[in-house]
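Participant: Please build the complete structure, drawing on both the sequences and the hints.
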Amino acid sequence: MKTLLLAVCLCGCCINPSAQATPYRPASADEVLEKLPTRLESRNEIKALRQAAADSPANPQAAFALVRRYIETGRAESDPRYYGYAEAALAPWLNAAPPLPEALLLSATLHQGRHEFQAALADLAAALARQPRLAQAWLTRAVILEVQGDYPGALRNCLPLAKLAPALTAATCVNSALSLSGQGASAFERLDGAVRALPDGDTAERQWALTTLAEIAVRLGRFDEAERLFTAALGVKQRSAYLMAAYADFLLDSQHPEAVVRLLRDETRADGLLLRLALAEQQLNTPELAQHVQALQDRFAASRLRGDTTHQGDEARFRLHLLHDPKTALTLAQANWQAQREPRDARIVLEAALAAGQPEAGHAVVEALAKSGLEDRRLAELAKQIRGAAS
Amino acid sequence: MRTVLFIVLAVCAVAAHAHKPSDSYLNLKLEGKELQGQWDIALRDVDYAIGLDGNGDGAMTWGELQAQQRALQAYALSRLRIDADGVDCPFEATDLLVDEHSDGHYAVLRFRARCPAEPHALTIAYRLFFDLDAQHRGLLNLAQGGHFDTHVFGPASPSFKRVIAAKQNTAGALAGFVREGVWHIWIGYDHILFLLSLLLPAALVSVDGQWRASPGLRRAALDVVKIVTAFTLAHSITLSLAALGYLALPSRWVESAIAASVAAAAINNIGGWILARRSWLAFAFGLVHGLGFAAVLLDLGLPAGLRLLGLVGFNLGVEIGQLAIVAAVLPFIVALSRFRFYSPLVIKFGSGCIAGQSHEGSV
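Respectively, the protein sequence lines represent chains X and R.
Sequence positions in the first sequence follow the numbering used here and run 1 to 391.
Sequence positions in the second sequence follow the numbering used here and run 1 to 363.
Hints listed in this document are in silico derivations from the structure and should not be mistaken for laboratory results.
A hint or two may mislead.
[Unchecked claim] Okay, the calculated bits of chain X under chain R, using three or more residues with CB under 8 Å as the criterion:
1) 27-36
2) 52-66
3) 292-300
4) 305-317
Quick reminder that beta carbons are idealized off the backbone N, C-alpha and C, glycines included.
Facilitator: This is how it looks when you write it as C-alpha cells:
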C-alpha cells in the first residue's frame with residue numbers, strides 16, 4: 001500500500017504540467033509573467049530623459065544625460081541591458097565628424113564595460129587630443145591600464161588628476177597603481193592618511209578609496225585592517241557590486257562562508273556575485289547550492305551562445321571550484337589573462353594550472369608578477385607552489 | 001552630481017558582471033516552400049520597445065501581453081525579412097505563447113512564412129531592437145532536411161544566407177537521420193531508463209513473492225527479446241503515425257507521460273505487480289515513447305520529399321542505439337542476477353533511484 005501511494009505521488013508530480021519548460025498558454029489573464037526589475041521612480045526618470053532626448057534631437061546634452069543615466073542604472077542594477085540602451089542612444093553622436101569629446105568619453109566607458117580595452121583606449125586618446133583637461137578621460141585610462149597590468153602607465157595617467165580632480169580621487173588613483181608595483185606599505189599609509197584627512201568627501205569617491213585601501217590590506221596580509229576597511233566601505237550608502245565581490249572573496253579566503261551568504265543572499269542577479277554566493281554555499285553544503293550552480297551554468301552557456309567572452313575569469317573559477325574541471329578552467333583562465341591582468345586574474349590561472357597538474361602553464365603569469373613587483377601574500381604562496389611543482 | 005558620476009563610471013568597468021544582456025531566440029524550420037517559425041523575445045525587451053505594463057505597476061501580466069499581441073506581432077515581424085532567391089516570403093502570425101528562459105519570461109511568437117517556391121538560397125535579415133539596444137543579439141537556429149544552422153544576428157551581422165543543396169544526396173541524408181536517432185537515444189536517457197527498468201528482473205523468476213535466479217539462460221533471453229520487441233513495435237507505430245501527421249498530442253503531455261512511464265516501470269519492480277507480462281507494459285508505454293521520438297524528428301525539419309526517408313533513418317538510428325545499450329548492459333544483468341544481493345540492491349534500490357530520477361527530471 002505504501003509503495004502504491006508513493007507511485008501515485010511520484011506520477012502526480014511527473015504529470016504536473018507547470019513543471020515543463022516548453023512554451024505554454026497561461027491559465028489566467030491576471031497571471032504575472034515578469035516583474036520589471038527597476039524601481040518605478042527610476043523608470044519614470046528614464047522615461048522623462050528619453051522623451052527629452054527625442055524632443056530635441058539636435059541637443060547633444062539631452063542625449064548624453066540619457067546615456068549617463070543608462071550607465072548609472074546598469075551599474076546600480078547589475079543589468080547589462082542598460083549598457084546596450086546607452087550604446088544605441090549614443091550611436092548617432094559618434095557618427096558626427098569629429099565626435100564631441102564627451103561622446104567619445106561615454107563610448108570609452110561602454111567599451112571598457114565590455115572589456116574592449118583597445119577600443120576604449122582609442123576613444124580616450126581621441127577625446128584627450130581634443131580636450132586635454134578632461135579629468136574623466138585620464139581617470140578612465142588609468143583604470144583600464146591598471147586592469148591590463150600596466151602599472152607605470154596607470155600611474156602616468158593618474159598624475160594629471162592632482163590638478164584636475166578632487167584630492168581623494170587623485171590620491172586613490174595614484175596609490176592604487178603604486179601599491180601594485182612594489183610599494184604596498186607606503187601606498188597604504190599615504191592613502192589611509194588621505195582618507196583620514198578628507199572625512200567628508202563625496203560618497204562614491206570615499207567608497208572607492210576605502211575599497212582600494214581594503215584590497216591593499218588584503219594583499220599585504222593585514223587581514224584585521226582589511227575587515228575594518230571593507231566594513232567601512234560597505235557603510236557608505238551606495239551599492240557597489242565591485243565592493244561586494246571583493247569583500248566576498250576576502251571572506252571566502254578567511255573561511256567565513258556564512259558571512260558571504262548573509263552578504264549576498266539577495267544578490268543573485270549579478271553573475272559575479274552569484275558565483276561567490278555559490279562558492280560559499282559549497283563550503284557550507286547548503287541545499288540552494290545545486291540550484292545556483294545550475295543557474296550559473298545556464299547563464300555562462302547563454303553568454304557563450306551570443307559570443308560573449310567577458311565572463312571568462314568568473315567562468316574559470318566556476319569550472320575549477322564548482323564543477324571540478326581544471327582543464328577547461330585553465331583554458332578559460334589563460335584566455336582571460338590575455339585580456340586583463342588584475343591580481344584575481346593571475347590567481348585563477350595559477351590555481352587552475354596547479355589543479356590541472358600543468359604547473360608550467362602558470363610560468364608566464366609568475367614571471368609577469370615578478371616583473372611588476374606586485375606584493376600579494378596569496379599569490380606569492382601560489383607562485384612558490386608553481387615553481388616547486390615544476391622543479 | 002558631476003563628481004558622483006565621475007567615480008561611478010571609473011569603478012563600474014571593473015565591477016562584477018551582471019546577468020544576461022538582451023537575446024532573442026529565433027527558430028526556423030524549412031519544410032518545402034514553407035517555414036515554421038518560433039521567436040522567443042524577452043518580455044522586458046517587449047516592454048521597453050512597445051510598452052507592456054499597461055497599468056504601470058511594474059508587473060507584466062498575461063492579459064497585458066495579450067492586449068498587445070497584434071502590436072507585438074507587427075513590431076517584431078516587420079523587423080525580420082526572409083527571402084527565397086530574392087523574393088520575399090510573407091509572414092502570418094499563428095500563435096502567441098509564453099516560455100521561461102534563464103533570465104525570465106519570454107513572449108513566444110509562432111508564425112509561418114510562405115515562399116513562392118521551394119528556395120535554392122534562403123536569406124534571413126534581422127534588425128529587431130538594434131535601434132534601441134546595440135547589444136541585442138538574435139540567436140538563429142535554422143533546421144532544414146536534418147541540417148542545423150546557427151547564426152548570431154547583431155548590428156554588425158544582420159543577415160544570414162543559406163544555400164540549400166539543389167538535390168539532396170539520399171544516402172547522405174539517410175545517414176544523417178540515423179545519426180540523429182542514435183544521438184537522441186544517447187542523450188534522451190528517459191527512454192533507456194524505462195527499458196532498463198523492465199529488463200532489470202529479466203534473469204530472475206518470482207517464486208512465492210521472492211526473486212530467484214532464473215534456471216536457464218534461454219528463458220531470460222526470451223524475456224529480453226519479448227520486451228525489446230514489444231517496445232520497438234509500439235514506438236515505431238506511434239512514431240510513424242505522428243511523423244506522417246496522423247497523430248498529434250501536446251508535447252508537454254507526452255513528456256510528462258514519458259517521465260511517468262519511467263517511474264511506473266521502476267516502481268513496478270519494487271512492488272512487483274506486473275511481472276510475467278512486462279512485455280505488455282513495454283508495448284503500452286512504448287506507444288507514448290514513440291510520440292516523444294516523433295517530436296524530436298519533427299524538430300529536425302523534414303522536407304516534404306524526405307519525409308519517409310527521414311522516418312526510416314531516424315527509427316533505424318533509435319533501434320541501433322537502443323540495441324547497443326541493451327547489448328552492453330545485458331551481460332551484467334545476467335551475471336549479477338546469480339548473487340543474493342541483486343534482488344534487494346539492484347532491483348529495489350536501483351529502481352528506486354530510477355523512479356526518483358524520473359521524478360526529478362520532470363520538475
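Participant: Which earlier hints can't be squared with this structure?
Facilitator: 2
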